[in-house]
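Novice: One-letter residues, chain by chain:
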Amino acid sequence: MNDSSMRGNRLILLSIGLLTAAVAAIGLTSSSAAAGMVDNETCLACHDDVGDNYAMTPHGIYFQQRPALRDFGCESCHGAGLRHIEDPTPENILNPARSDQFGSSILCVQCHNGEQFDEWEFSSHHNADLNCASCHTIHAPVGQTMVKPTPDLCYDCHSNVQVAMNMPSRHPVREGKMSCSDCHNPHGGSVSLTMDDSGRELCFSCHADKEGPFVYEHAPVSEDCGYCHVPHGSVANNLLVQNEPTLCLNCHSMHFHATFYSKDGEFAVPQAPERASRSTADGWKRVMLTKCTQCHTTVHGSDLPSQATSTGGNALTR
Amino acid sequence: MSNTHAIPSLFLCLLILGTASAAAQDHEPRTDITVWLGSHYTSFDDYSHKVGEYNVGSNEWMPDGSFKLLHHGNGRLFDAFASFYDRRNMDGNLGLNLGDIVAFRATYRSLVQRPGQDKLANLSAREYFGTNDAGEDQWGGKITTHELQDEGVDYEVHRKEILTKLSLLLARRNNIKLEAMHRSIFEDGNMQGLSNSHCFSCHIVSEELPLENRTHEVQAGIQSDVSEKVTVGYQFGYRSFKSNAPEAMAYYDPAKHPVSGGSAEEFASRVLFADSNLVYNQLPETQKMSHKVRTRARLGETGRLNASVGYSSAENRNVDLKTKSITGATRYSATVASNTRLIVRAAGAKIEADDPFIDIRDFREGRPSGPVTSFDYIRYSTLDRTQVDVSAEFIHRATRGLTLSWLNGVKVVDRKDYPLPDDGIRSKTFSTQAKVRFNKMRTVSGWLKYRFEKTVDPFVSGRGLFEARGREQLAIAIPEGEGASVHRFIYYYQREALRYQDITTDPNDRHEVEASATFHTSNTSSVNLSLRGWHQSTSDLDSLDVRSWQVRPNVMLALNPAPSWMFTAGYSMYMGKSRGPITVALFDG
Amino acid sequence: MFFDAVSVDGTNDSLLLADHFGTIYKMEDYRTNGYQVYLNTTWMANSRLTLHSALLYNWSEAELDFVDMPRVSDEVAERLNHQDFTFEKMHTYSDLKYHFVNLRLGFDYQLTPRVSWMFNMDYSHLTADEEYVFGDEDGSMFITRTGVRIDF
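For the protein sequence lines, the chains are V, S and B, in the order given.
Position one of the first sequence corresponds to residue 1230 (our numbering), numbered consecutively onward.
Position one of the second sequence corresponds to residue 18 (our numbering), numbered consecutively onward.
Position one of the third sequence corresponds to residue 198 (our numbering), numbered consecutively onward.
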């Protein structure tokens, strides 16, 4: 094991030990000196930029409530500071902001250990050597703990998504009505950091009316919403991969009705004169090859049979 | 009180209570309050539903405002935010933290989406045979017409969401923690309802339908450290969906020839309903329940193991249909050699869906001659499946600024009940991925990734794609000898039997490339170049050249020429092409 | 629902209402193209005044190529003489082409250490060069917002 890895593990163990000891011990001051610890005041004497806001940071507020940690908040994350005081070089103090997947990137999840952080060590962010400080300003006052607001923070690395989010059809992220974290857990999830391993499950958490189960199914809905939709943005309405009818024609033959001749001009409907209308020369093609969901309205599934017996009621028109 | 008013009112009460509570604390409290008092003016020209899909407004100055409060002291933190833009765009947020014992957050948000109205203008045509010898138009019997009963209606969906989360430390010993979440989504407004009669009168009717969807979700879980290195937890989930909108009814035309008005019995014998007022656009009432047991453990010095087992069931209460699934997942990571991590992921699921028997009236039931065909069948679900997904990834830090990773995986989806000629379909996807990350301090950093996926037997639509001449021949549906006046048909449905069921447009091969490089040109400027692209093709097919690709290059410049000036600019492109079949049957129906 | 393939034939088809010739198909390309330019700048003119602006232009299109179906044989053309198997206008029914421009201008002026005056203008214009089922989607939106922020 190389030095950085060893150092990382030592620091993690040290941190755990520090926290445990801090909770257990009253009158920590006397024993802390032996452990190489100093108090907050000593740290903030030099790091006055941190000191300005320390009491207003989430950590500062939290440590205020824990008497055993109140005076040693800095070292709860940075480890014992005495050596750094004696020789104030960066190498002599643990800096979580410089950690990576081979070091102490997991330091924060020692305390932030709810379920949403379960997958951090398997996440693509962790594996890309990002750490908590990549997105969070640890020493900023509460309410200002993101490096910058989302989605701009996310776009810094995921610029291709930014492009998609400005396309004609999109989720309302640009309008500030959704954020990336509505679908993605930046602290870990599946490989694409989505909140659920299955893309279907994620989509159905908001679009529950599409889940079913239905009597009459449309196979791709059971497979993956991504067959027909792109989540971030598309040119076609409803986040469709392609506009209708091309998307549908990838799997379905077109209606043979599209081959009928028509005529440019008015036509009558003998049994329903009030429905007399106007056609174009390619009227049947325009009818059948513009938008399939004008008739197949329930493409996500339906419990109601469609009209034609010969389709087994499964034409998803009702 | 309607939900529209009840939820903001609830928030207001909580806000007042929280503020009072915060003010009552006496341990070095600090309270920051920010108030915004403003107004806005919105104007639209021409069509507003596309450019302002998520915006509403009126041509007058409207008040808006927001209130933000942050209070902390003695380890307690209370924050509140409320914003009013208009009555359909309001947001609220309340948070309370009592040390590490209680963390509570409630969020309310609302938005409007304004989908456009489909004018159905393309749905007008009548079959035309040309002119007869006398020069008269010869019209055919196939007619499509449409009717807008909702002319000029502005469609709008008002979506409101309330989300509450609670984390409660029950016992510091063993870190026993309760986590609970509740979410409700209310969608109100109107939507465009489309109903259609067909065969004998292809007529599409558009009308305004009320929309009132309700989704409620609850999750509750508990976790505990059973030892210094092992945490276990249990989570229960419940979600329900229901539409409270009144049933939408549509009239389906009488069955008869659209030109002559005759053949009523023959037409009626080929459809499941006609000359009726029937429900359409019915949304299901569903509920879903899940149970999950999970554990995470530290193994050895660097090992980390996460595992979970879950069971869930989803039910459509309108029709008493269920799906059940058992899932399991495990992930393991460890530093296995110098500067080398191994990550193994494995997940499996078994999903069983009810397969209802579709019992419908016979085709041409009661007709005096010709075939009476039963179209009864069992609807097998493609959701019925067993799937396994396993991968292993090595990440190696070669030098301080260079990290390499390599991933291999396989995913098998066995849709054993899916009705294909070869007894279901088992898709296997093999993937391999290589990635290089580099970071030359203060000069350039970035990464390059290549991924390849090979899928054997990708998903195939059970209804087949298209037919080819000469593959088989069709039987004539009405045998000879029934008299010259009886037409002998080849029905369109018969042709479905001849469709290829082993052709897919799903890819067999997929190549994916991603690259990104950020050049830190100076202390005040940087340039990012990135590229993402993929190419996929369906190589199993000899006759079809199904393929698609996409490329997205991007350049971004960030400049801080002076401490007081920040400037960013970007240019992005996306180019994509997919090649797929456009097919039509040669058929005189 | 599936049927066993049927193979009975050889009958006199003089009264056959429908003929079965199989399917014609053509592999066609569907293209999605676009580009986007954006410029954002924030300038703190002095300790009290901050100006900001953003410009976004997005052009995107999605289109089916001209559908050039193979010609049907004379035999088919004769037997199915009420049908037209050419689709030369098909690509015009559902092509999409949008231009979108958004300009945001605003300033934040600190009146006192605790009171700021903010003003923002947001102008968007969308042009749809290809009409789809919604008709002419060209439109513009202009939002002006102003107010004061007070820190207590």
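Among these hints, one or two may not hold up.
Below, in silico cross-link-like pairs of lysine-lysine (DSS-like), each with a Cα-Cα straight-line distance of 30 Å or less [said to hold, decoys possible]:
id, chain 1, residue 1, chain 2, residue 2
1, S, 428, V, 1439
2, V, 1492, B, 294
3, S, 273, S, 367
4, S, 309, S, 466
5, V, 1406, B, 286
6, B, 286, S, 466
7, S, 273, S, 182
8, S, 85, V, 1439
9, S, 246, V, 1439
10, S, 177, S, 305
11, S, 85, S, 159
12, S, 339, B, 223
13, V, 1377, S, 341
14, S, 309, V, 1377
15, S, 433, S, 452
16, S, 452, V, 1439
17, V, 1439, S, 159
18, S, 341, S, 246
19, S, 341, V, 1439
20, V, 1406, S, 177
21, S, 452, S, 341
22, V, 1406, S, 341
23, S, 273, S, 309
24, S, 136, S, 182
25, S, 341, S, 367
26, B, 223, S, 341
27, V, 1377, S, 159
28, S, 433, S, 457
29, S, 428, S, 273
30, V, 1406, S, 182
31, S, 471, S, 339
Derived from the structure by calculation, the hints contain no laboratory data.
Novice: Could you run down the list of hints and mark each one as holding or not?
Specialist: Here is what the structure says about each hint:
1. 428/S / 1439/V: Answer holds: residue 428/S to residue 1439/V is near 25 Å, not above 30 Å.
2. 1492/V / 294/B: It holds: about 28 Å lies between the C-alpha atoms, which stays within 30 Å.
3. 273/S / 367/S: With a Cα-Cα distance of about 48 Å, the restraint between residue 273/S and residue 367/S is violated, given a limit of 30 Å.
4. 309/S / 466/S: Given that 30 Å is the threshold and the Cα spacing comes to 34 Å, the pair is violated.
5. 1406/V / 286/B: violated (39 Å)
6. 286/B / 466/S: violated (41 Å)
7. 273/S / 182/S: With a Cα-Cα distance of about 59 Å, the restraint between residue 273/S and residue 182/S is violated, given a limit of 30 Å.
8. 85/S / 1439/V: The hint is violated at about 37 Å.
9. 246/S / 1439/V: violated (41 Å)
10. 177/S / 305/S: holds (21 Å)
11. 85/S / 159/S: Violated, at roughly 64 Å.
12. 339/S / 223/B: violated (41 Å)
13. 1377/V / 341/S: violated (42 Å)
14. 309/S / 1377/V: Outside the cut-off at roughly 35 Å; violated.
15. 433/S / 452/S: Not satisfied, since the Cα-Cα distance of roughly 35 Å exceeds 30 Å.
16. 452/S / 1439/V: violated (37 Å)
17. 1439/V / 159/S: Violated - the C-alpha atoms of residue 159/S and residue 1439/V are around 33 Å apart, more than 30 Å.
18. 341/S / 246/S: The hint is violated at about 33 Å.
19. 341/S / 1439/V: holds (17 Å)
20. 1406/V / 177/S: Distance of about 11 Å is within 30 Å: holds.
21. 452/S / 341/S: Measuring from Cα to Cα gives roughly 38 Å; hence the hint is violated.
22. 1406/V / 341/S: violated (34 Å)
23. 273/S / 309/S: Since the Cα atoms of residue 273/S and residue 309/S sit roughly 56 Å apart, the hinted pair is violated (cutoff 30 Å).
24. 136/S / 182/S: Distance of about 43 Å is beyond 30 Å: violated.
25. 341/S / 367/S: holds (8 Å)
26. 223/B / 341/S: With a Cα-Cα distance of about 41 Å, the restraint between residue 223/B and residue 341/S is violated, given a limit of 30 Å.
27. 1377/V / 159/S: violated (61 Å)
28. 433/S / 457/S: violated (51 Å)
29. 428/S / 273/S: violated (52 Å)
30. 1406/V / 182/S: Answer holds: residue 1406/V to residue 182/S is near 19 Å, not above 30 Å.
31. 471/S / 339/S: violated (33 Å)
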